[in-house]
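Asker: Sequence:
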Amino acid sequence: MDPSGGGSPWRYEIRLSGLGGQGLLLAGRLLAEAAALYDGLYATQTQSYGPESRGGDSRSDVVISDAPIDYPHVIQADLLLAMSQMACDRNYYSLKRDGILIVDAEQVRHVPTNRAFLVPISRLAREEVGKAVVANVVALGILVALSGVVSRRAITEAVLAGAPRGTEALNRKALEVGFRAGEELRASRSSERKAG
Numbered sequence: 001m002d003p004s005g006g007g008s009p010w011r012y013e014i015r016l017s018g019l020g021g022q023g024l025l026l027a028g029r030l031l032a033e034a035a036a037l038y039d040g041l042y043a044t045q046t047q048s049y050g051p052e053s054r055g056g057d058s059r060s061d062v063v064i065s066d067a068p069i070d071y072p073h074v075i076q077a078d079l080l081l082a083m084s085q086m087a088c089d090r091n092y093y094s095l096k097r098d099g100i101l102i103v104d105a106e107q108v109r110h111v112p113t114n115r116a117f118l119v120p121i122s123r124l125a126r127e128e129v130g131k132a133v134v135a136n137v138v139a140l141g142i143l144v145a146l147s148g149v150v151s152r153r154a155i156t157e158a159v160l161a162g163a164p165r166g167t168e169a170l171n172r173k174a175l176e177v178g179f180r181a182g183e184e185l186r187a188s189r190s191s192e193r194k195a196g
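In my numbering, the protein residues as written are 1 to 196.
These are calculated hints, taken from the structure and not from any lab test.
No residue lacks a Cβ here, since even glycine has one placed at the ideal position from N, Cα and C.
Take these hints with a grain of salt, some might be off.
Simulated DEER-style distance windows between Cβ atoms [to be verified]:
| # | residue 1 | residue 2 | range |
| --- | --- | --- | --- |
| 1 | K131 | Y71 | 34 to 42 Å |
| 2 | S190 | A67 | 16 to 24 Å |
| 3 | E128 | R153 | 18 to 26 Å |
Starting from the given sequences, assemble the full structure and let the hints guide the process.
Answerer: Following this line, the structure appears as structure tokens:
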């Protein structure tokens, strides 16, 4: 995404939300690293989670800017990823009116808007990549393809640098599946706008 270049700094706020064990805290860290280490932007990442190690509420907020970030928390999200129904219900309020909502269609049945991008993220990870555990990386690919907030090169470098040894090919494939799904969604939404 190109910073505005105007008088005020460009700022993009992202909230990744779901359940403990879905890898969203790691995804947030990787997204912030992609912005700061590989795209030369400023980034912060904060997180919150319930007391449960798995299955409780989990949230990672990432703020990316072309200037130093004074306030590191999401004020109104430009993009919200909801990987569970509870996450969608609890965090939809934080999304800007014209923000991007991406939901895992397999996990979120009641979507509060018809403008959301419904993607079977968990199924794509299981069936196209071969491992459910990389759903967070598939989601990163989708997020980057839809928003352009960081470059594909940057997110790929960050994911591969953070991948455990021996899982690089798996993580690269997960990103590619996400990129492809995001591109298809963007093209479909663009066609709908032209037709309407």
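Asker: Out of the numbered hints, which ones does the structure contradict?
Answerer: Of the numbered hints, just 2 does not hold.
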